[in-house]
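Trainee: Starting from the structure of chain A, add chain B where the hints point.
Residue numbers (this note's numbering), protein chains in the order written: chain A, 2 to 298; chain B, 2 to 144.
It is possible that some hints are incorrect.
As the list claims (entries may be wrong) - Each computed DMTMM-like pair below joins lysine to aspartate or glutamate, with the alpha-carbon atoms no more than 20 Å apart:
1) A:Lys59 x B:Asp25
2) A:Lys59 x B:Glu103
3) A:Lys59 x B:Glu32
4) A:Lys87 x B:Glu81
5) A:Lys59 x B:Glu23
Claimed, not checked - Examples of chain B residues toward chain A, derived with CB under 10 Å:
6) Leu30
7) Ala34
8) Ala80
9) Thr85
10) Lys119
11) Leu124
Derived from the structure by calculation, the hints contain no laboratory data. We put the CB at the ideal spot given by N, CA and C, even for glycine.
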Amino acid sequence: MTIELDSSSPKFAEYAEPGRLVTTQWLAERLGTPGLVVVESDEDVLLYETGHIPGAVKIDWHTELNDPVVRDYVDGEGFAALLGRKGISRDDTVVIYGDKNNWWAAYALWVFSLFGHEDVRLLDGGRDRWIAEGRETTRETPAPAPTDYPVVERDDTAIRAYKEDVLAHLGKPLIDVRSPEEYSGERTTAPAYPDEGALRAGHIPTAQSVPWGKAVAEDGGFKSRAELEAIYRDGAGLKDGDEVVAYCRIGERSSHTWFVLKHLLGFENVRNYDGSWTEWGSAVRVPIVTGAEPGSV
Amino acid sequence: MSATAVPDTLAEIRDAFLETPESDRLLLLLEFADELPPVSDEVASHPEMCERVAECQSPVYIYVEVVDDIVTMHATAPAEAPTTRGFASILAQGLTGLTSDEVLAIPDDYPQSIGLTKAVSPLRIGGMTGMLMRAKKQVSQKR
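So that you can see chain A by itself, here it is in the shape it has in the complex (with noise of 0.2 Å):
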């Protein structure tokens, strides 16, 4: 770690890992602090372009973080190269942060952890909270010294979960992100977004509905730890020890969910379903529920 935690909020200190996290007014007393880079990543590829925080490089998701051709991520030289571009190093600390309650952020974070980079963190309530607080932004692009990032294969085993890992965990915790009208199955898209593509709509069999929005507090921050344990413990019935596979449509806002698991509530074994709807929901012969019940398998 090449820079201190954010040890000035009560909130994260009772969080599983504290140093996840970090507050608009200690990122802004540390910009320009070298060995601390600053990321933007957005769900609008032209948002950054419109003022970012001063210093921050952009990572868009889809044109940066998945492969132009196949469905999946960049490989290990592309990330390496990507970084590379960015002036991001290995041992640097990296602070992501985004638009929609940081969704692209928390999906930057998921990518960057495939690859291993260890100090990754989120700016609780991300850019509308910068923005918010009449924080300064500019619409001036850095021009980083680019840097010699290593070239570290990807691991897919640990957070990462493939439609076959998910036939295989099946009677296990699942844990469904997406809107309540999409889990009932009566659609196949969020409210108000384009469909991307899902020929049948539903759930995976005995998937617990929560929509990914209920760990955002009212602030557009995270919500406390004691909120999160009534959420997915008491709730959704997580369990010390559960493995857990999360998932939405396209696995950004179970990204989002998946942070809040692994890093603020500390379950050990938490995978992200990338795949998510729009695989499991044109994959031929896989099982389906509809309804508002979890179901069985």
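Mentor: Quick look at chain B alone, frame taken from chain A:
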């Protein structure tokens, strides 16, 4: 079905994008986003006149008027959705002032022709296609 043709303004916009290095095309789109004119007072005070574009991830509403066969396109999208604002701005500038026949003759794949697909991703360009299709449908209903 009549033959398709790209009207002059849209052709100029397309050429401006294609003549811009790929790495700078997003900045050109940002200029369009910044230029999106405010909707007229009449439309602003009657949000029910507008049609939501469901193909776009961000809330964007369009309203197309046809007066004496001349089309005017209004669009509104929030500041936190600049890509959508940019798309709406291109279409509002490109469609306004055309005759209804000229609008209906715009090729449906115009959004794919302006060299932005790689920069913004095919999925996002789909939002602009949805916007164009809805605008054309409104024109055919209102003329």
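Trainee: Please go over all the hints and tell whether each is borne out by the structure.
Mentor: Here is what the structure says about each hint:
Of the supplied pair hints, the one linking A:Lys59 and B:Asp25 holds, its CA atoms being roughly 14 Å apart against a limit of 20 Å. Taking the CA atoms of A:Lys59 and B:Glu103, the gap is about 39 Å. The hint is violated against a cut of 20 Å. With a CA separation close to 19 Å, the supplied pair A:Lys59 and B:Glu32 stays within the 20 Å bound. This hinted pair does not check out: A:Lys87 and B:Glu81 have alpha carbons roughly 24 Å apart, beyond 20 Å.
A hinted pair counts as satisfied when its Cα atoms are at most 20 Å apart, and A:Lys59 with B:Glu23 qualifies at roughly 16 Å. Look at B:Leu30: its Cβ gets to within about 6 Å of chain A, closer than 10 Å, so that hint holds up. Proximity of B:Ala34 to chain A holds as hinted, the smallest CB-CB distance being about 6 Å (cut-off 10 Å). Against a cut-off of 10 Å between C-beta atoms, the interface hint on B:Ala80 holds, since the closest Cβ of chain A lies about 7 Å away.
For B:Thr85, the interface hint holds, the least distance from its beta-carbon to any beta-carbon of chain A being 7 Å, beneath 10 Å. Because the closest C-beta pair between B:Lys119 and chain A is about 7 Å apart, less than 10 Å, the hint holds. Using the Cβ-Cβ criterion of 10 Å, the hint placing B:Leu124 at the interface with chain A is satisfied: the shortest such distance is roughly 7 Å.
Against the hints set out earlier in the document, violations occur for numbers 2 and 4.
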